[in-house]
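Heads up: the sequence lines are chains U and X, in that order.
Everything in the first sequence is counted per our numbering, starting at 294 for the first residue and increasing by one.
Everything in the second sequence is counted per our numbering, starting at 12 for the first residue and increasing by one.
Please keep in mind that the hints were generated in silico from the structure rather than gathered at the bench.
What you are looking at is a predicted structure, and each value in this text was computed from that prediction instead of being measured.
C-beta: ideal position from N, C-alpha, C; glycine also.
It cannot be assumed that every hint is accurate.
Derived DEER-like restraints, expressed as beta-carbon distance ranges [unchecked claim]:
1. X:227 <-> U:843: 46 to 56 Å
2. X:116 <-> U:884: 40 to 50 Å
3. U:766 <-> X:43: 34 to 44 Å
4. X:226 <-> U:611: 46 to 56 Å
5. X:25 <-> U:795: 29 to 39 Å
6. U:557 <-> X:168: 37 to 47 Å
This is what each chain is made of:
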Amino acid sequence: MMQHRVIVVGGGLAGLAATIRIAEAGLPVDLFSMVPVKRSHSVCAQGGINACNEVARQQGYSEYQHFDETVYGGDFLADQPPVLEMANFAPRVIDLLDRMGVPFNRTPEGRRDLRLFGGSLFKRTHFSGATTGQQLMYALDEQTRRYEAEGKVHKYEFWEFLWPVIIDGRCVGIVAQDMRTMQIRAFRADAVVIATGGCGLVFGKSTNSIMCTGGAAARCYQAGVWYANPEMIQVHPTAIPGADKCRLMSESARGEGGRVWVPRKKGDTRPPREIPEAERYYFLEERYPKYGNLVPRDIATREIFDICVSHGLGVGGERVVYLDLTHKDPDYLTRKLGGILEIYEKFVGEDPRKVPMKIFPAVHYSMGGLWTTYTRGRYNPPEPAPEHKAGMAPPVSCEPGAGIAQGAPDNMMTNIRGLYAFGEVNFAYHGANRLGANALLNCIFDGIYNGVSVVNFIRDDVPSRQPAESLPPAPFTDAVEREEAKVRRLIETARTGADAQLSPYQIGKELGDEMTAACTVVKSGPRLEQCLVRLDELKSRYTQVQLADAAAWSNQSVSYARAVGDMLILAEIIARASLMRRESRGAHYRTDFPDRHDDEFMKTTVCAFSAQGHDISYRPVDAGLVRPRARTYGKTEG
Amino acid sequence: MSAQPSASRTPPIAGRRIRIKVKRADGPGKPSRWEEFEVQPEPNANIISVLQQIAANPVTAEGDHTSPVAWDSGCLEEVCGACTMVINGRVRQSCSCLIDDIAPAPGDVITLEPMEKFPVVRDLWVDRARLFHNLKRVKAWVPIDGTYSLGHGPTESAAQQAVRYVLSTCMSCGCCLEACPQFTLEDDETRWDTTFIGAHAISQARLFNMHETGRQTKADRLDALLGPGGVSDCGNAQNCVKVCPKEIPLTESIAAIGRATTLHAIAQWFSGR
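Next up, chain U with everything else stripped away, as it sits in the complex:
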């Protein structure tokens, strides 16, 4: 009998959760990652993971309200059924992680502790110090190692995904390159899960890890996979600007009582602790009395930007505001936030228990990503429900299958059969803005819940077709040859004394600067037009890129130069979709179109790649569960 196999690309939370679930079902998994999986970017997540819990429930909270918050937080751009399923399933994800031994913070009685997070008035965020992502990653890494030891999972670490092999609209494998030996090979599989995260490096300095170029997603896109909502890029309000990256300062700092402020007086040069309370402008608390410092990220970011850029009230006249924890007990802070306080101490050299932190927004997360579909579940109300308020009975139970049909083979499948997108690279859950602590949930939900869909696809759907293993070799060898030719072309550009202006590192840096200036917190039509011109210029320079390394062994310049080409493609759809969306919604804010226009734009941007360029169109959002409403978070006038 032919043996079916699954390939998972990406070893972060989504990839590992998928690997474990699929291996558990008895299917062999080949797991590809550019880094040893334990070092994946998910380790950088800090604050926590959201789920309804008994304490919140007894205060009137519910899984359904978590769903409502997420849809409202995303400014009604997400298709609603998958969001409902994710929120309903969330408590099961927490229980599973708990069983795997994640050291969640505990209450005095030994139960899982909870904290507040942005976009909610209820404590629904579970956490492990302030390195929750790291702790979740390690739990899944350990379970993956267990399956690896049992021979059910084969890891390909330091292997870079180059291209999906697609025959007649069906994905049957991938081409990948060993980053050490530089060998390029094709691998066959009956289903492929892409779980390769976000594309922060398109913006140069972001909170992302060094490998988050979006390269894998861009390659899938160029191979025919649709890319949705590229313009929806989350800029996190609180990060520490640095020379090599911007380091995240978790939203949990505000969840645990951190307050954001600037001196009321422009150009006040006093040290922060000498400025009396009355002379501090707690602008988030004053402007949003209901949510205060815990407004969603896009709002906090725009307000910080407004304070610094429009009003010139940044600390010392610079683009900096205070994030202040000094009023809290230092021991409490160490217990709840130790990991991030240590990062601040190590990289800035000041103790945030004693001195307010200096922070500024930085690119953090991509809500957009590869387009995926799903089968709707059993909850189909005749009319979308109005806003859900605490204490109201949820209109639907939280048993699996209400939002999307459990195990349906097409759940989170892209427009290419057998090619799935899980985690951040999947556009599905966060609409125009992601709520804090929903990303970890999204990753593990995709892997665990939708991993079953991959298994079912192979069981129910693949047998009617030719298994990947028995397909003729030509499409695979052709794909390998194409990738080898690309690498040869890059290596042939290498020369001693390469033109620094044509260095991939220089082009990448200029790309990042331009994208940060034009496509982040505040966008406008004229600036986006200018950005597209600049991107054309960079693209034409990229055609003459020159490497300074001709080595046929462990050549990191090849990998980076290839990624620069992919980042230019993503940059182009980010800028174009930003220009075409003539409204403001969530993280996408246009000064020339400051309002949300549901009639015209409550629609998913869908980009399809063709030889002629990018074909950008719109698909209606499935908003059948909750009626859209204005997203104000109780902002006061003035």
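Let chain U serve as the given structure and place chain X on it in line with the hints.
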């Protein structure tokens, strides 16, 4: 806290030029050589941003064109464990090594070397597969009954969580192994199971033996640590705990596992196993 309070720093001189000496090798088993670069670090620069600067314009201090230095890195915020190297003779994470701290004056020199306990891939990039392999030797996982919904995990005291959390912040960076006199370079994979396992794996065994479900495979872990290359190979140099960037109490873990293996051996002797 290993963070340097700002007061203890020599104030860095803005606009200074410093030297970076890098020990390079083109591949495994290839001869190594030193190359020197002169750079003007940006404010808040770290080793990573300086290496990025060199990659963008790889010209040595003598004016010779060369290739960008290869090195391993990931998160750049000391949580992924990738960017370990030997900096001025001390093993540490290069992302959290700030230029202002170690080279504040014009003409200051920083030396960068790959770890020597792991085979070199290229330049500063080494292959740490053995480190991960050793986690399998002690079954460093909780043996759960699969991923289907089976209710919550065991409750745990806040005090025990605090101990487990610290042990669980081990990012497999390899600092403890580089500093350990008992852990030596071993290219031959067939010898990995019988050579010293390392402080990181011993500490992970302690982590999983503390967990209520993890404890069910405690005997397997202790068996592995009683065997060749196990806990008794530790020479008690205590270097590991001094270089751990996460300040994990590795020597406490080694002592705890030492006691546990002794008790385990006695119990085995009495039960005639």
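Structure-based check of all given hints:
Range check, residue 227 of chain X to residue 843 of chain U: Cβ separation about 54 Å, and the 46 to 56 Å hint holds. Distance hint for residue 116 of chain X and residue 884 of chain U: a CB-CB separation of about 46 Å, consistent with the stated range 40 to 50 Å. Separated by about 41 Å at the C-beta atoms, residue 766 of chain U and residue 43 of chain X satisfy the suggested range of 34 to 44 Å. The given range of 46 to 56 Å is respected by residue 226 of chain X and residue 611 of chain U, whose C-beta atoms sit roughly 53 Å from each other.
The hinted window of 29 to 39 Å between residue 25 of chain X and residue 795 of chain U holds, with their beta carbons roughly 30 Å apart. For the pair residue 557 of chain U and residue 168 of chain X, the beta carbons lie near 46 Å from each other, so the given range of 37 to 47 Å is met.
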